[in-house]
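Heads up: the protein sequence lines correspond to chains A and B, in order.
First residue of the first sequence? That's 5 in my numbering, and the numbers climb one at a time after it.
First residue of the second sequence? That's 4 in my numbering, and the numbers climb one at a time after it.
Simulated from the structure, these hints should not be mistaken for lab results.
All C-beta atoms, glycine included, are put in the ideal place defined by N, C-alpha and C.
Hints are supplied without guarantee of correctness; some may be wrong.
Label pairs and their calculated CB-CB ranges [stated by the list, open to error]:
{"id": "1", "chain 1": "B", "residue 1": "383", "chain 2": "A", "residue 2": "17", "range": "51 to 59 Å"}
{"id": "2", "chain 1": "A", "residue 1": "50", "chain 2": "B", "residue 2": "30", "range": "20 to 28 Å"}
{"id": "3", "chain 1": "A", "residue 1": "20", "chain 2": "B", "residue 2": "122", "range": "22 to 30 Å"}
{"id": "4", "chain 1": "A", "residue 1": "63", "chain 2": "B", "residue 2": "181", "range": "55 to 63 Å"}
{"id": "5", "chain 1": "A", "residue 1": "153", "chain 2": "B", "residue 2": "30", "range": "35 to 43 Å"}
{"id": "6", "chain 1": "B", "residue 1": "199", "chain 2": "A", "residue 2": "155", "range": "36 to 44 Å"}
{"id": "7", "chain 1": "A", "residue 1": "70", "chain 2": "B", "residue 2": "449", "range": "23 to 31 Å"}
{"id": "8", "chain 1": "A", "residue 1": "50", "chain 2": "B", "residue 2": "157", "range": "19 to 27 Å"}
{"id": "9", "chain 1": "A", "residue 1": "75", "chain 2": "B", "residue 2": "52", "range": "42 to 50 Å"}
{"id": "10", "chain 1": "A", "residue 1": "104", "chain 2": "B", "residue 2": "52", "range": "30 to 38 Å"}
If the Cβ cut is set under 7 Å, some of the chain B residues that face chain A in the computed set are [as the list claims (entries may be wrong)]:
{"id": "11", "residue": "26"}
{"id": "12", "residue": "30"}
{"id": "13", "residue": "72"}
{"id": "14", "residue": "168"}
{"id": "15", "residue": "496"}
{"id": "16", "residue": "498"}
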Amino acid sequence: MSEMSKIVRTISNSLFPFIMIYGLYVIMHGHLTPGGGFQGGAVVASGCALILVAYSSGWVFKKVKESNLSILESIGAIGFISLAFLGIGVTFFYNFIAGSGLLFGEIPPVGPNSGNLNTAGLLPLMNLSVGLKVIAGLFAIVAVMAFVASRRMRKK
Amino acid sequence: MNMNWLLTHSPALLIAIPLLAAFLTPLIDRLSKRARNVLVLIVLITVEVVMIVLAWDVFTGNTHIYTMGASNPTATIPVQAAIPIRIVLEVDGLSAFMGLISATVSLAAGLYSLAFVRRETGQGRYYTLLLLMLVGMLGMEFTGDLFNLFVFLEILSIASAALIAYRFYRGDAVEGAFKYFVISSLGALMVLFAIGLLYGQYDLLNMAALAKVMKYTMLDKIALVLFIAAFAMKCGAIPMHMWVPDSYTVAPASITAMLVVASQVSLYALFRICFSLYGLTLDVTTVGIIIISLGLLSMFVGVTMALPQKDIKRLMSYHAISQTGYMLLGVGVGLYLIGKPEFSTYGVVAMEGGIFHIFNHALYKGLLFLTAGAIFYKVKTRNLNEMRGLAHSMKFTAIFFMIGAFAIAGIPPFNGFASKLLIYESVYCVSPILSIIAMLVSIITLASFVKVFHSAFMGPPMRNTKEGEVPKSMLIGMVILTVGIILFGLFPGWVVDHIVHPAAQALADQAAYIQAVIGG
């Protein structure tokens with residue numbers, strides 16, 4: 005895939021921050037609203053795919069290496085499992101932060117409320133690590149596929 | 004870290020440790036290849052040891068329950084709720100039995116891989132996926148939650164498909180992987196749909212809780228058909244077997260040995276659904292006859308398809324289908340008889356035979372595939388017509404192959420004989436014709452392996468191959484399985500009493516399965 009026209013690139017430039025913010029919001033509010041790490045990660049990765057389409061895969065691979073993406077992906081997965089391991093004093097996956105007063109450790113109010121971000125203990129942290137894994141993983145898949153396809157097109 | 008703590012948490016640890024290691028592998032791979040191999044080996048050995056400890060405890064009569072994230076591992080039902088809502092792992096005799104198979108074969112395959120894939124690229128990913136396959140298998144075996152079963156089924160399928168395509172530079176590997184992936188996705192979707200049908204009716208996903216309220220309505224019947232079709236397809240029963248020869252043949256030999264176990268895990272899921280989830284509510288006679296006929300078809304068609312094959316691994320794949328038939332036959336007869344007075348006499352023996360055969364098959368078929376891999380490693384071909392006289396240079400491989408071939412043909416004193424004898428004598432009481440077909444298949448199996456042994460190992464040595472045996476790590480991998488075959492063959496009585504009987508009992512006793520999770 006070669007670079008697309010100036011119009012497309014300009015529009016992508018201005019859309020990109022909004023997609024990013026929306027995706028990160030879905031990840032961060034995963035424990036309060038519908039969505040979560042996977043869904044938000046997919047939104048962010050689709051934003052990255054937009055840049056990939058507009059600017060060509062060759063351009064993207066000058067900025068990010070595929071191997072670095074897979075490191076990020078592994079870190080996301082390791083983070084998720086390590087968080088689950090931290091609770092093994094009680095049970096695997098035990099949510100020891102909830103209600104403890106630490107970060108994300110407040111007890112949520114009972115009844116209808118506007119949603120307190122600082123609750124749910126391990127869940128937001130796990131959403132963040134899943135988000136990281138999905139962003140890196142999906143983007144790496146799309147980028148590698150685009151790269152291989154563009155090489156094949158050039159050969160023809 | 005004391006023993007009790009380890010025992011309590013072992014069901015979760017057995018799944019979590021390889022999962023963590025799977026994602027550490029690509030990171031450590033960047034630093035040092037040797038450290039990565041050491042990590043993978045340590046994890047595989049740890050899993051094997053913990054699995055033996057856990058299985059030993061389970062076989063003495065304690066079913067292990069583990070509730071993820073609860074305040075106490077056995078608190079399956081939260082204080083505020085009346086039903087189990089968390090993910091529950093339930094390790095009873097059959098789960099522990101299957102777990103032992105998966106851990107043992109994975110250890111052998113992991114050791115074998117060290118030398119076998121040494122010259123390939125992308126080994127970091129290879130070991131990641133190998134560990135993920137182990138995670139998928141153990142997860143499917145331990146879980147007591149239907150949706151979790153689906154998740155681990157997907158993990159297993161995706162990891163397997165990627166590993167089948169490991170030698171992607173060969174076109175046939177990609178084709179085999181694609182076929183496997185299509186079949187797996189189709190099967191997984193059918194399973195998901197069936198789970199949806201059950202969840203829609205009962206608002207439950209926990210298998211024990213579902214089993215307690217199961218009414219066997221029309222929708223439940225549809226769900227049962229979907230489950231049986233999907234898992235029979237995944238375990239390669241004829242007429243849904245077309246993916247087996249293609250994908251077993253092209254996968255690296257160590258992965259083929261794991262794929263054999265992966266197929267048997269689907270078989271486990273099939274039995275679990277029939278016995279523990281539906282149990283006596285279903286029409287055992289009809290479903291039993293369906294499973295028996297699947298078994299007979301697989302046995303007979305598998306072995307007759309194996310006879311004309313010229314590709315050594317393709318031939319063995321057809322034998323794998325044929326051997327799966329024995330397990331379906333044995334356990335199918337058990338299902339056919341359950342609830343009837345004959346069950347306690349020969350029904351339970353048939354089930355023990357079928358279940359024992361799962362372990363035996365994993366050992367000898369794994370060994371045979373590993374020897375086929377060793378041959379491929381040396382002569383770079385799988386075609387039987389292009390090899391001869393390999394016993395001159397590969398003495399140990401020849402011996403291992405002979406042991407595997409004797410075991411699969413059911414010749415005493417190897418393990419295949421023990422389980423086949425149990426199946427012959429018990430299914431004879433149902434109908435002599437079943438026994439006759441089973442024996443006939445065994446004889447054809449022997450004939451076919453005599454052919455393979457003759458064309459691969461006998462005759463004058465080949466001119467243009469390197470002298471010498473395959474590397475040590477591959478031999479050690481094969482030795483592990485061989486030791487298992489010989490031990491199981493020499494002490495079948497002990498094995499049946501202490502390992503197989505608890506597994507068969509766990510499968511037959513649905514009330515105990517329910518009671519372990521929700522009590523009362």
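Evaluated hints:
| no. | hint | verdict |
| --- | --- | --- |
| 1 | B:383 - A:17: 51 to 59 Å | holds (53 Å) |
| 2 | A:50 - B:30: 20 to 28 Å | holds (27 Å) |
| 3 | A:20 - B:122: 22 to 30 Å | violated (43 Å) |
| 4 | A:63 - B:181: 55 to 63 Å | violated (31 Å) |
| 5 | A:153 - B:30: 35 to 43 Å | violated (29 Å) |
| 6 | B:199 - A:155: 36 to 44 Å | holds (42 Å) |
| 7 | A:70 - B:449: 23 to 31 Å | violated (51 Å) |
| 8 | A:50 - B:157: 19 to 27 Å | holds (22 Å) |
| 9 | A:75 - B:52: 42 to 50 Å | violated (31 Å) |
| 10 | A:104 - B:52: 30 to 38 Å | holds (35 Å) |
| 11 | 26 | holds (4 Å) |
| 12 | 30 | holds (5 Å) |
| 13 | 72 | holds (4 Å) |
| 14 | 168 | violated (15 Å) |
| 15 | 496 | violated (38 Å) |
| 16 | 498 | violated (32 Å) |
Checked against the numbered hints given earlier, this structure breaks hints 3, 4, 5, 7, 9, 14, 15, 16; the rest are met.
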